[in-house]
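Put the complex together from the two separate chains, hints included.
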Amino acid sequence: MATVRYFAAAAEAAGTETEQVPAEDLGRLLDQLAELHGAELARVLSCSSVLHEGRYVSDRSLPLAQDAVLDVLPPFAGG
Amino acid sequence: MTPVPPLPPLVEPGEPALTPEQVSRYSRHLLVPGMGMVAQRRLLAARVAVVGAGGLGSPVLAYLAAAGVGHLTIIDDDAVDATNLQRQVIHRADAVGVPKGESAAAFVRGLNPDVTVSVRHTRIDAGNARSLLRGHDVVLDGADNFPTRYAVSDACVALGTPLVWAAVLRFDAQLSTFVPGVADAVSLRDLFPVAPRPEDVPSCSEAGVLGALVGQVGSIMASEVVKLICGFGEPLVGRVLLVDALTQRSREIPLRPVGAVVEPVEREQVREVVPLPEVSPQEVHDLLTPSPAGVAQGAAPADHDPDALAPTVLDVREPAEHELGTVPGALLVPVGEVLSWEDLDHHLPDGPVVVYCKAGPRAQRAAAHLVRLGRQDVSVMTGGILAWIEQVDPSLPSY
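Sequence order for the protein chains is A and B. Be aware that the first sequence starts at 1, since it is given in my numbering, and climbs by one per residue. Be aware that the second sequence starts at 80, since it is given in my numbering, and climbs by one per residue.
The following block holds chain B by itself, in its conformation from the complex (with noise of 0.2 Å):
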């Protein structure tokens, strides 16, 4: 691969001169070779929007406030839960069910006073992501869902703004810095042109993420940003990282533009739109809480009422998940084993089937499935383990 010379900086230096208190707090960048008293002006005449105060965003505001990146605008529209504490390590315990972008300019403020933030309490979207974005120098992608990262993308190729873009699940993650008007410049059209589809893209609620990655992750965003602003190394512009916690390797790929426009088309035909009946979670209890006829599970006598047959309920989460509790009696078979069944046979009980998971998609697919093999009387528990906590069993640990 060849090596891409160093963009020119992306932003010019600020005035005055350092104050004896900026050199010093500042004197470690002022020792690298490439950095200086010049470059530490660009990054405090820099602004940059970070889009979600998360897992990547922590890292991400904690390196660039601290480097003195001057202005800092955090953009996300979530709430501190507990189930961040984790891994988005700016979030205080306190600061459960406050507004993240709060709870992060919070910690900026107090992490470095030369730094100013603004916070946009809002989900970034096609329709808003120009505006928001508009006279920032550089963005940082560190969003949860792909609909909001194609409108940053969009936005970013719009405004010609360079992007730091990254993701993780599990024990992996993607990265690349998106540099428009470059030679051969790539978006995040280039890499995923085809919008997956929702229930393709595994979330870290459904999936787990390690908590230590998104640090690692972050950090190296930080790093490409602090190069972009000062103009020196080599970006990773026109390639991605790809790193593997699990074997602690990290690979890199080219990226291309897309030659020509990508047409869908052939997966599209594998969409089937299977119609598939629901039951609410009070539905699923009455019929798993035995008859005073003493109706044993899938085990009705053939006259009895075909209604008040206990189904399977069968559980497509993924272990870890199934342990933080389930549905009583739940059949435990994560969505990819169901989906790689190619028959019928022997897998679940005679009798009815109805699946959940945490909120829905991972058991519509599966039960769709299901259907396609030619299973009868399948549904869906509407809402997953979430809905079942909220109705039926509070004392599970929502997640």
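Extracted from the complex, chain A is given alone in its bound form (with noise of 0.2 Å):
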């Protein structure tokens, strides 16, 4: 079960802060969150930064381990 902690505008179109999702690998992860929440979880993904234990990932055959933690950061600048 991989645990996604989301973040601001995340959080808000997910419904949740964290949640666990088995997934084998990062494409299949990402598919199953916007199957779960919807088209504007998926929208968030597609502009968001998502690391994997700290690290940028975008390659979606990224095997993921049982206690893997992916953290879904949307972009914001304002100052």
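In case anyone wonders, no lab produced these hints; they're calculated from the structure. Fair warning: this is a prediction, and the values are worked out from it, not measured in the lab. C-beta atoms are modelled at their ideal positions from N, C-alpha and C, and glycine is treated no differently.
Just the calculated beta-carbon pair ranges, DEER-fashion:
# : chain 1 : residue 1 : chain 2 : residue 2 : range
1 : A       : T18       : B       : P92       : 41 to 49 Å
2 : B       : S210      : A       : D67       : 45 to 53 Å
3 : A       : E19       : B       : R276      : 22 to 30 Å
4 : B       : R276      : A       : M1        : 27 to 35 Å
5 : A       : E19       : B       : E469      : 40 to 48 Å
6 : A       : V21       : B       : P398      : 30 to 38 Å
7 : B       : P192      : A       : V21       : 57 to 65 Å
8 : A       : M1        : B       : E469      : 49 to 57 Å
9 : A       : G15       : B       : E421      : 16 to 24 Å
Here you go:
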């Protein structure tokens, strides 16, 4: 079960700050998240940074361990 | 997460020793364990650059000036606007229209005569960032857009200068301290390696921001700078702090260097370019004004000239923006909701559609989505409500 932590607009779109989702790789995880939460989260995911154990990832074939932790950070730049 | 030990102090203590007035002024810092006389002399010898004298820049400048940071360089190309006063607390109501750097410098001078200030009334970019930031011990980024933020981050990496970085929107903030040269050093390029499309980055002027949140976050930035200059505590290095003012919870996540060069190929593929016709606010106004024949909106007879058919005006801003003033009769559907539509069923009346937002990017996005769904006759009102206010209805408040 990968743990996904959502922040800002991603948390709003997912309706939760964290959840556990079974997925073998990044691609399947992202597809599942979009399916679970709908178009708005899919949109936020498409422009967010996804960090895996603190490192930016985009390769959908990246295998995910049982205890993988992923963070979803939407970009914003207000100052 | 392994604690990062304190980094060596960034600044050597300056001469001479503190005057009795300075001992008195800075006494509450002198009493703090780990600070003291030497740390205060480091602060007085420090040179700090602050990018953006806005929401984050305000508390940053106030606390760094009060702490006696010897020299502050303020870089901002903007002028104080009435909409800034809700959160940019160093600017006074009578400074509206004055360059922000000048207004901020006046505040700093009034607060602490120990601090010298220089103002750069210029927009920082990849071409000038290094020369503007060179010669500073630490840089703070409180800019309001990604291109500036990348330019600042890249220049700090090139110069080897630590950067305290933060961004805010609505109730949320992200913060980190990027220190080049430490093990596993990271920069903004490791957090957001792919430059977001402008329309994917909501700005405070579109989405709003809680005023006190920028005070909270800017104060954390100022604390980071004092810690770095004096060399105590555990800096926010290799971690990103995420603040949610709505729940008043802070979380932190690790940040490690991006392994390989990131190719934004996958995302490029979905960037469809849909050419969209534009109409000026004046044309929209004319289309909405009933003709002598009394054509009602969307109900023109079939043989009527389609050019005269009143369009459905779609406002894709947020409800709070809509409340500030709208094109008469506009239908409010925030851009996020439009983008979530998977078909055209029953969402909009028949006939032409004119989409607008504050200035254009969100309208472009929503209109492109409608076209992708198969909607005919979709156009964008050029320049959004700001252009409408300027050209058609100056009685509405600009924001």
